[in-house]
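First to last, the sequence lines map onto chains D and H. Start counting the first sequence at 1; every next residue gets the next number (my numbering). Start counting the second sequence at 505; every next residue gets the next number (my numbering).
None of these hints come from the bench; they were simulated from the model. Just so we're clear, the structure is a prediction, and the values are computed from it rather than from any experiment. A virtual CB, placed ideally from N, CA and C, is assigned to each residue, including glycine. The reader is advised that the hints may include incorrect statements.
Claimed, not checked - Derived CB-CB ranges, DEER-like:
(1) H:E609 / D:I266: 40 to 46 Å
(2) D:D298 / H:L596: 36 to 42 Å
(3) H:D575 / D:P234: 39 to 45 Å
(4) H:Q591 / D:K236: 47 to 53 Å
(5) D:E158 / H:V571: 47 to 53 Å
(6) D:G148 / H:D575: 54 to 60 Å
(7) H:T532 / D:H25: 35 to 41 Å
(8) H:L596 / D:A314: 32 to 38 Å
(9) H:L585 / D:D298: 28 to 34 Å
(10) H:K553 / D:D306: 25 to 31 Å
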Amino acid sequence: MAKAELMDYDRAIELFEPVLGFEVHVELNTKTKMFSDAPNFFGGEPNTNVTPVDLGLPGSLPVVNEQAVKYSISLGLALGCSIAPSSRFARKNYFYPDLAKNYQISQFDEPIAFGGSVEVELADGRLFTVPIERAHMEEDAGKLTHVGGATGRIQGAEYSLVDYNRAGVPLVEIVTDIIYGAEADAPELAKAYVSTIRDIVVSLGISDAKMERGNLRCDANISLRRRTAPGEPPAKLGTRTETKNVNSLRSVERAIRYEIQRQAAILEKGGTIIQETRHWHEDTGQTSAGRPKSDADDYRYFPEPDLLPVEPSAELIAELRAALPEAPAIRRRRLKADWGFTDLEFQDVVNSGLLTEIVETTAAGASAQAARKWWTGEIARIANSRGVDASTLVTPMHVSELVALVEAGTLTDRLARQVLEGVIDGEGTPDEVVAGRGLAVVSDDGALIAAIDEALASQPDVLAKIRDGKVQAAGAVIGAVMKAMRGQADAARVRELVLERASA
Amino acid sequence: MSFETPPTVSTSANSRPAGSGEPGEITTEQVAHLAGLARIHLTPDEITKLTGELAAIVENVAKVTEVATPDVPATSHPIPLTNVFRQDVVGLTLTQEQALSGAPEHDGSRFRVSAILGEEQ
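Excised from the complex, chain H in its bound form (with noise of 0.2 Å):
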């Protein structure tokens, strides 16, 4: 609906990369705010180097919209194969003490994480 769908996306606009409105609008400031986010910590200098490195990545995609055509179709899955599903059977699952070895903190059962200030989505 209407309500909670937002408007249909063109494929280009789909495709854009993350934290930009033009390609090559990729800041500092953007950076260290995704990397907040994402729980990653970074430094003054680890900031800088991704900026530049983030800003080339999407200068490069940005060339890909110079070359396609409006009748070009948009592409999502260049390999021709659809329909590939699973038989609904259970199978194995990890124990509790395998699910939570990677967490940086749990309390015996659950992932511990830190408070947001939002709301699910």
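So that you can see chain D by itself, here it is in the shape it has in the complex (with noise of 0.2 Å):
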């Protein structure tokens, strides 16, 4: 792939002003499919969680999951959105195997959910509203697995595989309206909005959110404004790029800057940007070009005739929104609230976009201090050096386990952050990683004492100084026997083993 050449991004912020918009898509985790009872279930043996429906077979008729059409509504209800009266199903049509039916069935002209906001913090602590145009009901794709050509990408490919599992999977699609004024927060906006979307979706219980796994996924748009002197009119919208393919919360903050210096280059040199989607590679940190997209796609889109309208009663409505679970601005208030943690503290998960693994990891049953240490530490650290979100790395549920076994004495510090790599290194669980790796602690007293008492023999001037009420002197032979037990003693009680046998 061409390097594209890239504006320093102060200097990009400086000329343009950065325009955004987002479609989110949220898998839910309903027992079935949107449209026929094959299990929601993907990732098992290739086109065995299909019925007739999901093969787009003659015959077949889709019916509606009320299951997926209440998480929609509660969805929607969180986004601040109105609920429509009536809403309707309508065909996509294109011409792509991801799909057998060669159409998708989505929503068009009647969203179930429409007109809402989302209130987002920034790092700062700054509130920042994104409004919300709609968010509608669809079907998910097929999996197609590219063979043969050189690159594995779809041009030049030779054949392709498809497997239907995911064919049908329920979707809700989150379609923001036109965000002006994020300046130069826009990559961390980005970053702040998906993350409150998976907390919103998590706090629901509707979707499993995981970015990695797809259950998540963002589509950006952005396009530049030239920024006008004080006075002049404003500058017309400049044209806006999609990029997809972005699976984690780094890269959607990475692929909104790329694209911002990308889009400033072309812009300063007199060039056009072209309206088309673009990939976001994570490996090179780039976006390459895609298909050219217009406004005019035209997908002949027309009411589904198979299905019915979806008419809502202002009874389940207003059942669904009783049983909303506190919006994530006054959630993030409690919960600061509830962990005593400090503002600095508190800004630190919300930053981390942590915050769903850190409640989680409470649920299990640490504490909150403990939790957010090894979440915004050590977790965000490895998760860091090696380029991916912290969520992906371990489970809240092993989190919780390893902090239990720090807190029983059976770990220090130091011994569970080797078991945490082998946890994220596939190992097992922390007991087994402990297990396997032999790395708790010697709580055996007679093992530590005979280790002391060698080196205080092979030190008698040691020993000498710390009769003599030198105490500070006990240091040489704390060391000694804890690389003799490799680490594995707590520290304070060698030391307390320590002074006692050089008194005895």
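Got two chains here, each in a separate frame; can you build the complex from them with the hints?
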């Protein structure tokens, strides 16, 4: 891939105003698919979770999953949207084998939810309101694997293999209005927005929301508008690109930043931005050109004749509204108070995008402080060095188990970090890693005393100093004992025992 | 939004038949193109025949727009039924063998299709 020219970020923001828009697809965690009673599960043996409906076989008819409709209404309400008294499905026609029917059942002119907003918190605590245009129901597509060709990418592939297990999985697509005013914070806002959507769907319990598994996917639209002098009329909106394949919070932020720098460099040289989809490449940190796209992309939408309109009653909407969890901003305030975090500690958590993980870790039994320390400390550090989101490395349950092992004295912090590494590298649960690597703290005083006596015997001068009351000299002995124990001892206990043996 | 959602389309444009701007404008090129996209092999004779038939259908549908006045609401579902739902309960699925039984080509677990020069929608 040819390396695109990039403008310095600050310079780009000086010259241009970034204008954003996001489409976030959320896979619902219903038991069955959107329009068939096949299990909503993929990742198993290909083409086993399919019915004639999912394969678009002649004579098969879709039927709407009621639970998916309820989840969609709840999500719409949580996004501050109005719920349409009547909404209908539409066929989005296109020729591509990821859906066997040659159309996707979606919603077009009558989405179930419209006109909302989401409050997003930036790193410095400022709140930003993201306008939501609509949230509509649709079905996910199957998974294509392109075979042959040099790169494995679509161009040049010789043939493709299709697994329809994911075809028909219920999706809600959340579409923002045009977002102005993010300015230099645009990349951060993008990350904070997707993170907030993730927190919302997790607190609603309607999606597993794992970005790395594609449960939550973000298409990021961005264009640049040239700044004009004060008093002059604003410039026209620039041509936008839509970046796809952004599968982590980290990449959302990076992709927006990259596109700002790339587009600014082109515009400044008098070039034009091509309206197209672009693909984000996590490994190179760049986007590459995809399909040209126009506002007039004609999918020949028409009302889906096989499905009847959805007309939720006012009672159902009221019932779902009453069952909504707290709004994200209120929830954040409550959690901060419950956990007793300082402003700085809490901001750290929000910025890390790990609020959900920390909530789940405390739900599994760990203290909030311990959960915060591990997630925003060691786990975030490893995630950063590996270029992935921390949430993909380890489960909240395992972190909670690790915390419990430290609190029980089975592990020191240092040993716990080694155990964490083992868990991340797939060696099993914390208990299994402790057993497998033989990492538990030596709590047997007998073994410690033997090592201490040996260390004291080999350093008689130190022993004499301790007996003279120079307690700090014990450090040398403690160090020798910790070394002998390969670090698997509680230093405080060793110190106690050293002083005890020295004065014996 | 704005970005992805195409501009609101009137019902008449929405129900416009595929492959044409104005009614009656079906050409043999359009039919051949659509057949290619749909992976349906058509002989030149079949293309000519279908072009004529599709043009006639389009013409007939166009008559509806002549009689429909602006005060007639668009009808997508003639039967006054709403909220036909299914409970979220897993039912029977096809076996992999059944799923692939109608496929012209497969690799034993997945459908095999020609490479498409295009992208996911």
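Hints, one by one, checked against the model:
The hint said 40 to 46 Å for the Cβ distance between H:E609 and D:I266, and at roughly 43 Å that hint holds. Between D:D298 and H:L596 the CB atoms are about 38 Å apart, so this pair conforms to the stated range of 36 to 42 Å. For the hinted restraint 39 to 45 Å between H:D575 and D:P234, the CB-CB distance of approximately 40 Å keeps it satisfied. In this structure the supplied range 47 to 53 Å holds for H:Q591 paired with D:K236, their Cβ-Cβ distance being about 51 Å.
In this structure the hint that D:E158 and H:V571 lie 47 to 53 Å apart at CB holds, the actual value being about 52 Å. Between D:G148 and H:D575 the Cβ separation comes to about 57 Å, which falls inside the hinted range of 54 to 60 Å. Range check, H:T532 to D:H25: about 39 Å between beta-carbon atoms, so the 35 to 41 Å window is met. Between H:L596 and D:A314 the Cβ separation comes to about 36 Å, which falls inside the hinted range of 32 to 38 Å.
At about 30 Å, the CB distance of H:L585 to D:D298 agrees with the hint of 28 to 34 Å. Our hint of 25 to 31 Å for H:K553 and D:D306 holds, since their Cβ atoms are close to 29 Å apart.
Violation of the numbered hints given earlier is absent; every hint is satisfied by the structure.
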